[in-house]
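Quick mapping for you: the protein sequence lines, in order, are chains A and B.
Residue numbers are given in my numbering: position 52 of the first sequence equals residue 52, and the series is strictly consecutive.
Residue numbers are given in my numbering: position 11 of the second sequence equals residue 11, and the series is strictly consecutive.
None of these hints come from the bench; they were simulated from the model.
We put the beta carbon where it would ideally sit given N, CA and C, even for glycine.
It is possible that some hints are incorrect.
Coverage of chain B stretches by chain A, computed from C-beta distances (three or more under 8 Å per stretch; other residues unrestricted) [to be verified]: (1) 1 to 7; (2) 11 to 19; (3) 91 to 103.
Residues of chain A clear of chain B, computed beta-carbon distances all greater than 12 Å [what the hints assert, rightly or not]: (4) L61; (5) T99; (6) R143.
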Amino acid sequence: MASPARPVDHAALRTNQAVIISLLIAAFVADAPWLVALTGLVMLLGSARGRPGFLPLYRALRGMGIIKPDVVPDNPEPHRFAQLLGGLFLAAAFVGLATGLTTVGWILSWLVVALASLNLFGGFCLGCALYYWLNRLGTPGFRKAPPAGSSPGRRPPAG
Amino acid sequence: MMERLLLAFAIVAAMWTAYQALTRLVLLLRARRGLRIDAYHLGRPAILYFTAPGCSPCETIQRPALLQLKALYGDRLQLIEVDASQHPGLADSWGVLTVPTTFLVDRQARPRGVNHGVARAGRLMDQLIAIDEPPPQRTLPAEAGASR
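Pulled out of the complex, with its shape left as it was, chain A reads as follows (with noise of 0.2 Å):
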């Protein structure tokens, strides 16, 4: 059953993955496992805090009239827990990073830039899809099915 749905700004999920993508390129670019580790915490303390990681930088955005909100029925939860699954891939992506296994740290943050821009650009987000499949399978804690009128891991339609 679908769940009532509440105001969530796209615009401000949008500009969250934008920033993910841009400093976990950097990172590899500059290899700075530490900008991994960095952007990492951010989307955990994000999720911790019930919002979008970079949301700050969004707000200053949005206060200078560069990106303006785009705010859809929709539930927070998935986008929260895509957010936390990204974060705990960066730290294991540090982990391994910091212990010599380099390979398979930027495999993780080039997997987590991937999943990113699918969403970004795709409009599809993988960690939701997988949110309402846990849903579906009853596990606890994954409470809020899609919204209704929109399938798991896509934007939802607005109004």
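Go by the hints and put chain B onto chain A.
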């Protein structure tokens, strides 16, 4: 540093290629299963436009772009609009991930291209030209006023 930058470009290019390949696969599967769009008439190319109520880029950018094309092509082009929220099964079967999404269908009912997200009139026209559907003139009308 330069080596890593080139490697990053190569990885991004590989991801883009994989995404394009996946898109082509979806189109191929769709073509094999048939369009299943009642409004489509064989013999004329079509743009299948998935939208949803309240989708602001659909209203402010995508629809005007499509109407520009419609004004340019006239009856030679079919414009088929589908509300993805009203027809989720159809949107699923076409692999629609977001709105707006536009599919280009040739005159033999074969899906030939897709745009996930907004596609401007110029891009759509280039895609129509690529499937051998050149417009009567190469200049897009400034304002769209044609009906479907």
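Apply the coverage criterion to the stretch 91 to 103 of chain B and chain A: a residue qualifies when its Cβ sits closer than 8 Å to a Cβ of the chain, and three qualifying residues are needed. holds (count 6)
Beyond 12 Å from every chain B Cβ: check whether that's true for T99(A). The assertion about T99(A) holds, with a minimum of 20 Å to chain B.
Cβ separation check - L61(A) to all of chain B, threshold 12 Å: It holds; L61(A) is separated from chain B by about 18 Å at its closest Cβ, greater than 12 Å.
Is the nearest Cβ of chain B still more than 12 Å from the Cβ of R143(A)? For R143(A), whose nearest Cβ neighbour in chain B is about 22 Å away, the distance exceeds 12 Å, so it holds.
Verify the coverage statement for the stretch 1 to 7 of chain B against chain A, using a C-beta to C-beta distance below 8 Å and requiring 3 or more qualifying residues. That given contact holds, which follows from 4 residues of the stretch 1 to 7 of chain B lying within Cβ reach (below 8 Å) of chain A.
Can the stretch 11 to 19 of chain B be counted as covered by chain A under the rule of three residues or more with Cβ-Cβ separation shorter than 8 Å? holds (count 4)
Violated hints for the displayed structure: none, as all numbered hints are satisfied.
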